[in-house]
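Q: The listed protein sequences correspond, in order, to chains H and L. Each residue of the first sequence is one higher than the one before, counting from 284 in my numbering. Each residue of the second sequence is one higher than the one before, counting from 284 in my numbering.
A hint or two may mislead.
You can't tell identical chains apart in this list, so a pair holds if it fits in one copy or across any two.
In silico DSS-like links for lysine-lysine, alpha-carbon gap of 30 Å or less [as the list claims (entries may be wrong)]:
| no. | residue 1 | residue 2 |
| --- | --- | --- |
| 1 | Lys393 | Lys311 |
| 2 | Lys420 | Lys336 |
| 3 | Lys425 | Lys412 |
| 4 | Lys336 | Lys425 |
| 5 | Lys336 | Lys393 |
| 6 | Lys412 | Lys311 |
| 7 | Lys362 | Lys336 |
| 8 | Lys311 | Lys425 |
| 9 | Lys403 | Lys425 |
Read the hints as simulated data drawn from the structure, not as lab findings. Source: prediction; values computed, not measured.
Protein chains: 2
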Amino acid sequence: MNQYRYADIQIGQTESFSIKITQDMENKFREISGDVNPLHFDDNYAIEVSNGKYQQHVCFGMLTASLYSTVAGVYMPGKYSLIHSFDEISFLNPVFAGDVLTVEAKVANKNDSLNLINLKIAIKNQNNKTVSKAKMKIIVLK
Amino acid sequence: MNQYRYADIQIGQTESFSIKITQDMENKFREISGDVNPLHFDDNYAIEVSNGKYQQHVCFGMLTASLYSTVAGVYMPGKYSLIHSFDEISFLNPVFAGDVLTVEAKVANKNDSLNLINLKIAIKNQNNKTVSKAKMKIIVLK
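Please put together the full structure from these sequences, using the hints given.
A: Right under this line is the structure:
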């Protein structure tokens, strides 16, 4: 876990990590959130409702977005992170169980009066397709 | 699970539900996301880093935000939901294990050319304090 302090962080600095999405993660997310929508477990429903655009159930967008928690809490800034807000989260392409996602974050700006950093983050799949993007504000506690 | 179709949905329509946050949910979120930041399990660290403002570990903001998945996928519109994006998510007050959160969503607008609804959502705790707010765009698939 990184332990960057506010003064250590440079505009333009980047961090990244990769993670494989599994059906077990999807099941745990369903238990936590209570989001029992069939798009996220029923392959036949996903094929039907998407007119064949999806060939299987689709991962929860907010499970992909849970990686924004990780990028802040473990990588940038790491230990002294406190998430303030998002200016934007978009979901651009579907994620499926088995996909390997790579999260790439860049420090876009710093606000010295609030000890706050702005991250621009993209999440790409194993085919280099962007599946989600976000602009995130994080308070650095030290 | 609601099964609103796009044509059924009225601007101003509201949906709400409540859920209790537990330490088990926090542990599962940690496993899924890989966010092992001590703020979310180590009471002593949370007290120290917040200068006593927090008396115990703080729930992951993105675990609270996973309820935005549920409001779309189960309540508004329910079955035919596909999350498009968020214009904003903010975290306004800390959430702790044991808190009972109430999610209140209102249809702020509709975009007929995209079959897209705009929700304004607030999440409040058992003391009626707003802990998170969001503006969410959802495609209604039927």
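Q: When no copy is specified for Lys311 and Lys425, does a C-alpha distance of 30 Å or less occur within a copy, between copies, both, or neither?
A: Between copies only: 28 Å across chains, 33 Å inside a chain, cut-off 30 Å.
Q: Give the relationship of Lys393 and Lys311 under a CA distance limit of 30 Å: within one copy only, between copies only, both, or neither.
A: Answer is neither; intra-copy 35 Å and inter-copy 32 Å both fail.
Q: Pop the pair Lys336 and Lys393 into one bin, within, between, both or neither, using alpha-carbon distances up to 30 Å.
A: So Lys336 and Lys393 pass the 30 Å test across copies only (24 Å; inside, 41 Å).
Q: Can you give me the call for Lys420 and Lys336, within, between, both or neither, at a CA distance of at most 30 Å?
A: between (34 Å within a copy, 21 Å between copies)
Q: I want to check one pair: Lys336 and Lys425. Are their C-alpha atoms no more than 30 Å apart within a copy, between two copies, both, or neither?
A: between (47 Å within a copy, 15 Å between copies)
Q: Treating 30 Å as the Cα threshold, decide for Lys412 and Lys311: within, between, both or neither.
A: Both ways: Lys412 and Lys311 sit 25 Å apart in one copy and 28 Å across, limit 30 Å.
Q: Within a copy, between copies, both or neither: which one fits Lys403 and Lys425 at a CA-CA cutoff of 30 Å?
A: within (21 Å within a copy, 33 Å between copies)
Q: With identical chains treated as interchangeable, where does the CA-CA distance between Lys425 and Lys412 reach 30 Å or less: within a copy, between copies, both, or neither?
A: The answer is between: 27 Å across copies meets 30 Å, while 35 Å in one copy does not.
Q: With identical chains, the pair Lys362 and Lys336 could be close in the same copy or across copies; at 30 Å between alpha carbons, which is it: within, between, both, or neither?
A: Answer is between: at 17 Å across copies they meet the 30 Å cutoff, but 41 Å inside does not.
Comparing the model with each numbered hint stated earlier shows that hint 1 is the single one that does not hold.
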